[in-house]
Amino acid sequence: MKKPMINVESFHDGREGKMNSRRQFLKIGGLAVVGSSLFLYSCEEEGITDEEINALDAKGVNNKRVFNLGKGDLAILNYAYILEQLEAAFYTEVVNGSYYKGITDAKEKQILTDLWYHEVIHRDFLKTALNSIASPGRVAPDLEFNFSSVKFGDRDNVLLVSQILEDTGVSAYNGAGNLLESAEYLLIAGKIVSVEARHAAAIRDLIRPGTTYFAGDDVLVDLLGTGIAYDKATSPRDVLAAVAATGFLETKLITNNIPTN
Amino acid sequence: MNIIKFLDDISNKELLETKGTRRDSFNQMKSVSKNFALASIPFALAATSKKTSAATMSMSSAMFQASPIQVLNFALTLEYLERDFYEMGLDTAGLIDAQDRDVFGLILRHENSHVDLLKKALGSAAIAKPTFDFTGKGLNLDTFSNYETFLALSQGFEDTGVRAYKGQAGALIDNDDLLEYALQIHSVEGRHASQIRRMRGEKGWITFEENTLPAAFSAIYEGEDNTVQLGINLSGKFPGFGGDAAVTEAFDEPLTMAEVNAIACNFIVGMDCPS
Chain W
1 MKKPMINVES
11 FHDGREGKMN
21 SRRQFLKIGG
31 LAVVGSSLFL
41 YSCEEEGITD
51 EEINALDAKG
61 VNNKRVFNLG
71 KGDLAILNYA
81 YILEQLEAAF
91 YTEVVNGSYY
101 KGITDAKEKQ
111 ILTDLWYHEV
121 IHRDFLKTAL
131 NSIASPGRVA
141 PDLEFNFSSV
151 KFGDRDNVLL
161 VSQILEDTGV
171 SAYNGAGNLL
181 ESAEYLLIAG
191 KIVSVEARHA
201 AAIRDLIRPG
211 TTYFAGDDVL
221 VDLLGTGIAY
231 DKATSPRDVL
241 AAVAATGFLE
251 TKLITNNIPT
261 N
Chain H
1 MNIIKFLDDI
11 SNKELLETKG
21 TRRDSFNQMK
31 SVSKNFALAS
41 IPFALAATSK
51 KTSAATMSMS
61 SAMFQASPIQ
71 VLNFALTLEY
81 LERDFYEMGL
91 DTAGLIDAQD
101 RDVFGLILRH
111 ENSHVDLLKK
121 ALGSAAIAKP
131 TFDFTGKGLN
141 LDTFSNYETF
151 LALSQGFEDT
161 GVRAYKGQAG
171 ALIDNDDLLE
181 YALQIHSVEG
191 RHASQIRRMR
201 GEKGWITFEE
211 NTLPAAFSAI
221 YEGEDNTVQL
231 GINLSGKFPG
241 FGGDAAVTEA
251 FDEPLTMAEV
261 NAIACNFIVG
271 MDCPS
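Protein chains in written order, with the numbering used here: chain W, 1 to 261; chain H, 1 to 275.
If you're looking for bench data, these hints aren't it; they were derived computationally from the structure.
All values reported here derive from a predicted model rather than from experimental measurement.
Treat the hints with care, since some could be wrong.
[To be verified] Simulated pairs of lysine-lysine, BS3-like, Cα-Cα distance not exceeding 30 Å:
id, chain 1, residue 1, chain 2, residue 2
1, H, Lys-137, H, Lys-119
2, H, Lys-129, W, Lys-232
3, H, Lys-237, W, Lys-127
[What the hints assert, rightly or not] Between beta-carbon pairs, the in silico distance windows are:
id, chain 1, residue 1, chain 2, residue 2, range
4, H, Val-228, W, Gly-137, 23 to 33 Å
5, H, Ser-235, W, Glu-93, 19 to 29 Å
6, W, Glu-250, H, Thr-131, 36 to 46 Å
7, H, Asn-146, W, Ala-245, 42 to 52 Å
8, W, Gly-137, H, Asp-97, 55 to 65 Å
9, W, Ser-132, H, Pro-274, 49 to 59 Å
10, W, Glu-250, H, Asp-91, 48 to 58 Å
11, H, Lys-120, W, Asn-96, 15 to 25 Å
12, W, Thr-104, H, Gly-240, 16 to 26 Å
13, W, Thr-260, H, Gly-240, 35 to 45 Å
14, W, Ala-134, H, Met-88, 28 to 38 Å
15, W, Thr-104, H, Glu-209, 27 to 37 Å
16, W, Glu-144, H, Pro-274, 45 to 55 Å
17, H, Lys-120, W, Thr-211, 21 to 31 Å
Glycine included, every Cβ here is placed at the ideal spot set by N, Cα and C.
Can you build the whole structure from these sequences, using the hints too?
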């Protein structure tokens, strides 16, 4: 059996060709039967019938291959939960690695320790919150990660990956904000995203201390010609594609119907 | 419209109308809003029907909701304040350590952009810049002669900014563009806050209500010790992961408009602070 592939596929833009997309989706759903990946998918109500979802769930969840990311706010919360799982798993590896263990600067060590704590707290909080609003089959499963490409003994490499994850987290929450229908969930996303931004600045300052790198032009963008002074806001599909490109996720994601507006 | 009257109006209404629903507040705000040329707003400020009912239902009925114009002018006031503060600091010879000038230069550039964006979004509804007094009026702070004071106020303004934007996100939930812009500013304020805090020897994140600012500004950190999120009490749940200290660090808390104004009033000439 082939190793699970890490790939985000986009079949349509979520607004047009729903029937066509549904057929394509069902074809992909069929592939899930023979593949060994866990598939994550999300369906808008127009895209696929409940019977079809149930059939796929029955086929997939039982075999741990297909997971319905859900629709609306549930999909976005599951998405956030997936990102926090990734961050928490990464820092868990970091604090068990030789770079972290050998850190002599107390402040540097505190930053990495705190990031580990915070991401574990975010992850476990989202899991609890999701389980309080959705049945177990609708909550994203514990994902498997593979960080073999990271050199956990190498400061530069660990900090670079940390920077990418934190910057991505910021842009992901910013891009998810207007996909949320509930003001309560929007507030929670706001409570988390500014902490991710604090993390990103701290990690960047470890890389280039005392410089403007903490909020550098390399990561910020312009809005309406007013200057480079804004964090990105990235759509879930683009974030998941970037996450897939890291190769850290041992899970295939299919996100053709995650909310886009 | 006069900024002081604007801020007084929204602060008073916020206190008086805490039982109003979002829709009620919106209607009551029309009397304030009519002073603005609504037609000149370049962005779609009108509520789209899509999310209104969901937002109304999920908002706590005790929570005040300002109109998008009020939110943007409120944000603009804070951005004016930050911009003037950094501009005056950088213009004061010998105040800022040479090694820190690049950092403050970047932050000033960002605040300038934020002012420009908010003014663009508001069009003719944008309020004029108030006059600021960074001595904190009666507090007689040595803001521009003592770098430690300047740094402390910088931290206070950035942490307040993060809390202020967060507190207004819900009021923009029906305006996708404005909400996204506000979020894109909000996290940059978070980066600033993290940097300044660490320059002052604090952690980049807020532990309980701890801070090293002058006592007059304790309100900036009030409520940051919250451990209940979405009704889930996280206190005592993470003994192996930094405990409740880390729980409070992992979530930044919002401030209401009235709470922010009660902080900002110390620096705005002509605006009385609540007694």
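Here is what the structure says about each hint:
1. H:Lys-137 to H:Lys-119: Judged against 30 Å, a Cα distance of about 27 Å means the pair holds.
2. H:Lys-129 to W:Lys-232: 28 Å, holds
3. H:Lys-237 to W:Lys-127: 13 Å, holds
4. H:Val-228 to W:Gly-137: 23 to 33 Å: With a Cβ separation near 27 Å, H:Val-228 and W:Gly-137 satisfy 23 to 33 Å, so the hint holds.
5. H:Ser-235 to W:Glu-93: 19 to 29 Å: 28 Å, holds
6. W:Glu-250 to H:Thr-131: 36 to 46 Å: For H:Thr-131 against W:Glu-250, whose Cβ atoms are near 59 Å apart, the range 36 to 46 Å is violated.
7. H:Asn-146 to W:Ala-245: 42 to 52 Å: 49 Å, holds
8. W:Gly-137 to H:Asp-97: 55 to 65 Å: Holds - the Cβ-Cβ distance for W:Gly-137 and H:Asp-97, about 57 Å, lies within 55 to 65 Å.
9. W:Ser-132 to H:Pro-274: 49 to 59 Å: Violated: the Cβ-Cβ distance is about 37 Å, outside 49 to 59 Å.
10. W:Glu-250 to H:Asp-91: 48 to 58 Å: 55 Å, holds
11. H:Lys-120 to W:Asn-96: 15 to 25 Å: 49 Å, violated
12. W:Thr-104 to H:Gly-240: 16 to 26 Å: 24 Å, holds
13. W:Thr-260 to H:Gly-240: 35 to 45 Å: Because 39 Å falls inside the window, the suggested range holds.
14. W:Ala-134 to H:Met-88: 28 to 38 Å: 51 Å, violated
15. W:Thr-104 to H:Glu-209: 27 to 37 Å: Holds: the Cβ-Cβ distance is about 31 Å, inside 27 to 37 Å.
16. W:Glu-144 to H:Pro-274: 45 to 55 Å: 54 Å, holds
17. H:Lys-120 to W:Thr-211: 21 to 31 Å: Hint holds: Cβ distance 30 Å, inside 21 to 31 Å.
The structure shown violates the earlier hints numbered 6, 9, 11 and 14.
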